[in-house]
Amino acid sequence: MPDDITVLVNGRTLAVPQGATVAAAIVTAGTYCRDSVKGEPRTVLCGMGICFECRAEVDGKPHQRTCQIICVSGMRVSTQDRMSR
Amino acid sequence: MSVATYDVVIVGGGIVGVACAYECAQRALRVALIEQDVIGGGATAAGMGHVVVMDDSDAQFALTRYSQQLWQELRRELPAEVEYEQCGTIWVAADEDEMSEVLRKHAYYSRRGVPVEVLRALDLERIEPNLRKGMTGGLLIPEDGVLYPPCAAQFLLESALLKGATLYSGSTVSRIGSGQVYLSDATTLSAAVVVNAAGASAPALTPGIEVRKRKGHLVITDRYPGFVHHQLVELGYLKSAHSVNADSVAFNVQPRQTGQLLIGSSRQFGAEHKDVDQEIMWRMLQRAQEYLPALAKTSAIRAWTGFRAATPDKLPLIGQWPADPSVYLATGHEGLGITTSLATARLLADQITGKASAIPIEPYLPSRMASLEHAHA
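These protein sequence lines map, in sequence, to chains A and B.
Its first residue numbered 1, the first sequence is counted upward by one per residue in the working numbering.
Its first residue numbered 1, the second sequence is counted upward by one per residue in the working numbering.
Just chain A, same shape as in the assembly:
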């Protein structure tokens, strides 16, 4: 699709539509956002910045609420879980 942009999710290039949230990109990449303190997987839940479940690292800044951030071409996203380390 001509309107797609590309971002990096855990180092892999991924095409997403313009206007997609980072949380959507993480879901599209087939993974989740972070591990809880007890090591359980957490991902986007409320989608409106309230529940804080979708935190991940965006462009080097940890603990960002990814449902509130729109993807920008070349953005680097890292999920905060054991799988990605």
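Simulated from the structure, these hints should not be mistaken for lab results.
From the three backbone atoms N, C-alpha and C, an ideal C-beta is built for every residue, glycine too.
Careful: at least some of the hints might be erroneous.
[Said to hold, decoys possible] A short, non-exhaustive set of chain B residues, derived as facing chain A with CB atoms under 8 Å:
#, residue
1, Asp-222
2, Thr-258
3, Ser-299
4, Ile-301
With chain A held as given, fit chain B onto it using these hints.
Only chain B this time, still in chain A's reference frame:
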């Protein structure tokens, strides 16, 4: 109707109450514990869980050190979720005045057999690189530790129950006295000894005791593992914790096992409402950033308040209440209840069972309050 009878009924399931239940049950006393809400859900859950030796007075030193050693003895039995970690405290000196206090404390602790180490400016920079450059030095107390108080309280409760103690959960106590405990659901318990361990609420059950609420705020961040490695406290803390009336804030940051940072602290008298006070929280966070500038880039996820049970002479009340010989007090621990809970329980159980204690008990006896009143008059 039959009245349930115990040797000891303890009112209040905070860390002090459950420690007392655990100790009394260990000594084969018939024990009941009453908690109106959640075990360890009051000041216990609100505090930092810093297991710290303090030296505001010789009596405070004796109690905190004794109790810290009891925690160390118990350490092997503590389940992982108690998160006991001997991370050490660093008292940070920002200027030469505070550095002279480091040297005084060093001499005081050394004389009493507590391992301590004086840190110079370069040592501090190396050990805690996130501290602002230009600090004068500090004092490292390696045996200080941290734990997660609600889980510690739960562990002590379960240990007490295994030893035969009884828990009355969700029951509110309306009155105690003359060996009776009256619950608001019309149940009455009878006991030779009734322990008031209701923290800052203790005066409601035992009018006349000098315990006041001293409100505190805490903030916790998201996970930043390795941001700091010790509990870091400003030496100015002593000045602010000492000032008895004014609202105060002091830098006090603790690393949790999860990588989160607990940020304190504040002290307020006369603030009775549980709400977070934005102005004092702001001052507290500003103070923390003066010591750890990179905190500004971290994100906080939660803030809350709690009420310390403060006494005029900064020592807890442990022992018989002169106005009613069946009532014993175990309250007034202010900001040191987690640290001193185990020693409090020992001293209380020693008095109940007529045993000699490991440290002199006189500084903590409630009967001292009568002489304090004379001193104030």
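How the hints compare with the structure:
1. With its C-beta approaching chain A no nearer than about 4 Å, Asp-222 of chain B sits inside the 8 Å limit, and its interface hint holds.
2. At a threshold of 8 Å, the smallest CB-CB gap from Thr-258 of chain B to chain A is about 5 Å, leaving the interface hint in force.
3. Because the smallest distance between the Cβ of Ser-299 of chain B and any Cβ of chain A comes to about 5 Å, under 8 Å, the interface hint for this residue holds.
4. The interface hint given for Ile-301 of chain B holds, since its Cβ lies 7 Å from the closest Cβ of chain A, which is under the 8 Å cut-off.
Taken one by one, the earlier hints all hold for this structure without exception.
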